[in-house]
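K.L.:
With these hints in hand, go ahead and build the complete structure from the sequences.
There are 2 protein chains.
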Amino acid sequence: MAEEAENERRVLVAVDEGDESMYALSWCLNNLVFQNSKNTLILLYVNPPRGGYMPFETAAALDDPETHPANLYSPEITAAMERYSQEVADCVLAKAKKLCKDLQHVKVETRVEDGDPRDVICEMAEKLGAHVLVMGSHGYGLIKRTFLGSVSSHCAQNVKCPVLIVKKPKSIADAGDETYQSE
Amino acid sequence: MAEEAENERRVLVAVDEGDESMYALSWCLNNLVFQNSKNTLILLYVNPPRGGYMPFETAAALDDPETHPANLYSPEITAAMERYSQEVADCVLAKAKKLCKDLQHVKVETRVEDGDPRDVICEMAEKLGAHVLVMGSHGYGLIKRTFLGSVSSHCAQNVKCPVLIVKKPKSIADAGDETYQSE
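Protein chains in written order, with the UniProt record's numbering: chain A, 1 to 183; chain B, 1 to 183.
Each hint should be verified, as a subset may be incorrect.
Stated by the list, open to error - Result set (DSS-like, lysine-lysine): computed pairs, CA atoms no more than 30 angstroms apart in a straight line:
no., chain 1, residue 1, chain 2, residue 2
1, A, K170, A, K101
2, B, K38, A, K38
3, A, K98, B, K160
The set of hints was computed from the structure by calculation and includes no laboratory data.
Quick caveat, the model's predicted, so the values are computed rather than measured.
P.N.:
In structure tokens:
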């Protein structure tokens with residue numbers, strides 16, 4: 001078994017704006033990804049549709065040219081929204097990479113994809129040949145989840161590889177971010 | 001981070017009659033529990049209520065002396081059912097321990113508890129101070145799940161510690177049990 005533990009693994013970690021996904025990454029680094037393992041860590045940020053989070057019925061309207069956000073907003077607003085989305089993605093991934101900075105023998109890759117996080121995470125787990133998917137339990141905030149449903153529940157049910165769902169303990173949530181940072 | 005990885009961890013693995021939970025245990029041994037870690041592995045088998053798997057409404061009737069299985073069946077049948085339950089528990093845990101036989105620096109404990117697996121697994125994760133809960137995705141069979149709902153989904157939502165849900169790949173399911181055994 002020790003030999004198998006040394007085998008190459010692709011660990012996909014879904015990160016978002018929430019502290020919980022950073023805690024999940026930190027937990028993963030401390031418990032699943034070891035310095036002496038031939039691991040590739042893939043940090044995935046999913047950029048939700050520009051129209052924002054919405055129920056499936058509304059989301060379907062995005063396929064209609066008349067209701068597509070690109071046609072609802074002026075080019076300036078659309079460009080600003082795109083810039084903002086890119087900045088959020090960059091910020092999240094920079095924070096995630098900072099947590100990984102002490103890893104010496106682990107290759108760290110980043111991916112930014114667009115779409116419904118539920119579908120995209122499942123698709124990417126398959127496409128990237130992930131050996132395990134790691135994610136926070138309550139990604140994408142309360143209001144967003146009201147429309148989206150639980151991303152982690154959806155992925156746990158639909159992803160074929162093992163799924164590790166990490167909740168941020170309340171004590172740590174109360175204490176702030178610093179408690180789970182690796183530095 | 002390497003130091004934290006060496007810290008003592010209590011890994012709770014819920015096992016049942018299904019091959020998937022044994023695959024989950026095997027995955028856990030290969031990817032989460034390392035020989036050089038100060039880990040305690042707790043193998044938990046939950047013995048469902050003697051009345052069998054049933055919806056919550058029916059299960060509630062167990063509290064009623066008139067409908068409690070102990071009063072529905074003769075003492076001989078009740079004793080035979082108890083013996084059978086114990087034999088199943090022993091068999092499952094023996095199979096699980098066999099998978100762990102090569103672990104040299106990991107303490108392996110076993111627990112048998114009675115009750116609804118959904119509730120018992122969540123309670124035991126809390127009570128035993130589990131650092132992570134590992135379980136198969138589809139425990140307790142198709143018909144049983146129809147009544148029970150998904151045990152893993154329930155636990156992923158309600159357990160406070162990280163939950164690792166492992167699905168047995170179809171290729172392995174087709175190939176039979178031997179492919180995931182450690183021997």
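K.L.:
Keeping to a limit of 30 angstroms between CA atoms, is the pair of K98 of chain A and K160 of chain B held or broken?
P.N.:
This hinted pair holds, its Cα atoms lying about 26 angstroms apart.
K.L.:
Are the Cα positions of K38 of chain B and K38 of chain A separated by 30 angstroms at most?
P.N.:
Distance ~21 angstroms between K38 of chain B and K38 of chain A Cα, so the pair holds.
K.L.:
Quickly compare the C-alpha distance for K170 of chain A and K101 of chain A to 30 angstroms and report which way the hint goes.
P.N.:
26 angstroms, holds
Every hint from the earlier list agrees with this structure, and none is contradicted.
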